[in-house]
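A.B. asks: Residue numbers (this note's numbering), protein chains in the order written: chain U, 1 to 141; chain G, 1 to 141; chain L, 1 to 141; chain D, 1 to 141.
One should not assume that every hint holds.
Stated by the list, open to error - Computed spacing ranges between beta-carbons, pair by pair:
no., chain 1, residue 1, chain 2, residue 2, range
1, G, G108, U, G49, 16 to 26 Å
2, D, M78, G, D95, 44 to 54 Å
3, D, R109, G, A4, 18 to 28 Å
4, G, R123, U, V21, 19 to 29 Å
5, L, R123, U, M78, 36 to 46 Å
6, G, D95, D, P138, 42 to 52 Å
7, G, V21, L, G49, 35 to 45 Å
8, U, T26, L, S6, 54 to 64 Å
9, G, E15, D, V21, 45 to 55 Å
10, U, G44, D, H7, 45 to 55 Å
11, G, T2, U, G50, 31 to 41 Å
Said to hold, decoys possible - Under 8 Å between C-beta atoms, here's a sample of chain G residues computed to sit facing chain D:
no., residue
12, T82
13, N83
14, S85
15, T110
16, L111
17, T133
If you are wondering where the hints come from, they were derived from the structure by calculation, not from laboratory data.
Being a predicted model, the structure only gives us computed values, none of them experimental.
Each residue gets a CB set at the ideal place from its N, CA and C atoms; glycine is no exception.
There are 4 protein chains.
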Amino acid sequence: MTLAMSHAALSQHLEQGFGPVGADLTIDAVDEGSVTLRLCPHEGHIRLGGTVSGPSLFLLADVAFYFAILARLGPVEMAVTTNASIDFMRKPAGDLPVLGTATVHKLGRTLAVGQVLMRNPGRDAVLAQASLTYAIPPKRD
Amino acid sequence: MTLAMSHAALSQHLEQGFGPVGADLTIDAVDEGSVTLRLCPHEGHIRLGGTVSGPSLFLLADVAFYFAILARLGPVEMAVTTNASIDFMRKPAGDLPVLGTATVHKLGRTLAVGQVLMRNPGRDAVLAQASLTYAIPPKRD
Amino acid sequence: MTLAMSHAALSQHLEQGFGPVGADLTIDAVDEGSVTLRLCPHEGHIRLGGTVSGPSLFLLADVAFYFAILARLGPVEMAVTTNASIDFMRKPAGDLPVLGTATVHKLGRTLAVGQVLMRNPGRDAVLAQASLTYAIPPKRD
Amino acid sequence: MTLAMSHAALSQHLEQGFGPVGADLTIDAVDEGSVTLRLCPHEGHIRLGGTVSGPSLFLLADVAFYFAILARLGPVEMAVTTNASIDFMRKPAGDLPVLGTATVHKLGRTLAVGQVLMRNPGRDAVLAQASLTYAIPPKRD
Chain U
1 MTLAMSHAAL SQHLEQGFGP VGADLTIDAV DEGSVTLRLC PHEGHIRLGG
51 TVSGPSLFLL ADVAFYFAIL ARLGPVEMAV TTNASIDFMR KPAGDLPVLG
101 TATVHKLGRT LAVGQVLMRN PGRDAVLAQA SLTYAIPPKR D
Chain G
1 MTLAMSHAAL SQHLEQGFGP VGADLTIDAV DEGSVTLRLC PHEGHIRLGG
51 TVSGPSLFLL ADVAFYFAIL ARLGPVEMAV TTNASIDFMR KPAGDLPVLG
101 TATVHKLGRT LAVGQVLMRN PGRDAVLAQA SLTYAIPPKR D
Chain L
1 MTLAMSHAAL SQHLEQGFGP VGADLTIDAV DEGSVTLRLC PHEGHIRLGG
51 TVSGPSLFLL ADVAFYFAIL ARLGPVEMAV TTNASIDFMR KPAGDLPVLG
101 TATVHKLGRT LAVGQVLMRN PGRDAVLAQA SLTYAIPPKR D
Chain D
1 MTLAMSHAAL SQHLEQGFGP VGADLTIDAV DEGSVTLRLC PHEGHIRLGG
51 TVSGPSLFLL ADVAFYFAIL ARLGPVEMAV TTNASIDFMR KPAGDLPVLG
101 TATVHKLGRT LAVGQVLMRN PGRDAVLAQA SLTYAIPPKR D
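Bound-form chain U, shown alone (with noise of 0.2 Å):
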C-alpha cells in the first residue's frame, strides 16, 4: 500500500484547507496503514466537568478519517461523512491532548471505511472508538 500524500503533504493541506478546524489539529504519525491526528484541547474543547467534550472527539475522528483517506488517494475534494458511530469509553483529561488514529478498511469506488481509536499519548486506554464511512464523490474526467 503506497500512500499518495506524506506526512508534510497532509500537514500543508490540514493547515490550509480547513480554516479554524486545522488549528486545533496537527498530523501526529503517518504509516502505511493509519494516520494519527493529534488534537491540542483549548477552552473550546472542554464541558461541564472539566473533560474533552464529545462533538470535540467526534470532529477528532471525522477528520482522521478524512486524512487517512487523503493519505491513500491524495486531494480528494468533497468527500462527505455519510455515518459515524461513536463509543465514548472514558472522560478525556481537559488537560491532555488526544491521539485519534485512523485505519481504512475498506478503500471502494464510491465509499470509504473503517475506524478511529483515540487515546491520550503514551497510553494504552481507549477513550473512544469510531466507525466511519464517507461517500467519495465520482472523479470528474
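Since chain U is already given, all that's left is putting chains G, L and D on it; use the hints.
C.D. replies: Using the frame of chain U, we list chains G, L and D on its own:
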C-alpha cells in the same frame, strides 16, 4: 408522561449551563414526547462548500438528546453520552437554521436511549438522523 | 409518495424470494411512509432467559428496511446493507410477536437510509431501534 | 491482563450454553487482548447471490464479543447487548469460514465496549467491522 422541566426552565438551563455552546442553540419546542433544539449556524459551523459541518450536526443531536432527558428527569448533572450513531443524508444549507427533534424511547435506571431527527424549519426532508445513549449517574442520596 | 409495490406484491416477494427467512416473517402493514414486518418467534429465535435474541431482532430490522425500499422502488435485486446500528432497549418476551416498522428517510441514487422501530403488537414501548443504510446497485439498462 | 477462562473452558461454554447457535461457531483463538470465533457457514447463513448473510455476520460479532467478555470476567450470565453498529464492506464468499476477532477496549463496572473485525482465514481484507456495547449485570452477593 409529565415533564419535569418546562420550556422556560430548559431554556434557562441551556443559556446558563452550557457556556459558548449555549449561545448557538435555542429550545425551539417541548412536548410530552420530544424536545426540539434549533441551531442557527454561524461561520464556525460551516465547512468547505458552504454547508453545515458534520460535527455541528453531531453537537446539535447530542445536546438535543441531553435536553430531552432533562425534560423528563429534571436537571441531572453529568449525564454523559456513551454511544452516538449518526447518518448524514443531505447537505444542510449554511444559511438556514437546523432543528433537531429528540425523542427518548427508553429512560432506564442507568441508560437513556433514543433518537434525533434533523430538518430545516418547515421542511419534511430529514437532513440527518442520530441514535444516542446516555449514561445516567446514580442518584446521590 | 406513491408505492411501487402493494402489500400483496410485497408479501409474495417475501414468501418466494427469501427462502427459510421468509417463513418466519410476514408483511404486517404498508402505508406511504413505512412498512411493518412481523416476526413470530420460534425456538431458533430464543436466547437464554426466554427472550427473543439480538440477532433475530437484527434480522427483523434488516429485512423490514429492505422491504421498505422495495415498496418505494419495486423489486430491486441485490441491494445490500452497508451499515446497521441497533440499540436494544427492552428484552422482548419470547412468546409475543415483534413488529418492525421501517421508514426510509432518504432514497438516493446509490444509498437508502432510514430507521426501524421494534415493538410488541398493541404496545407503545420500543423494544429496539435500528438505523440502516443500503447500497442500491446501479440500474442495468 | 490475565484471562479468567481458558480456550478449552470457553469452547466448553460455547458448546454447552448456546443451544443451536453453538453448533455453528467454534473458538478459534484466545489471547490476552482478543478472542476469535469461527463461523462455518451452512445453508441457513447464505443469502441470495451465495454470500454469507448480514444477520449471520451480526450473530458472529455478537457472540464473539460476548466470549471476549467471558475470557476476561469468567462466566457472567445474562450480559446483554445494548448497542451494536456494524459496517458490511465486502461480500463474504459462502463457501469459506469467517473469523470474528473481538477486542474489549473497556471493561467497566456496568458496560463492556469494544469491536470485532471479520475476515476470511489467511486474508487481510476486512469483510465487516462491528462496535458493540454489553451491559454487565450487577454481581449477586
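A.B. asks: Any of the earlier hints contradicted here, and which numbers?
C.D. replies: none
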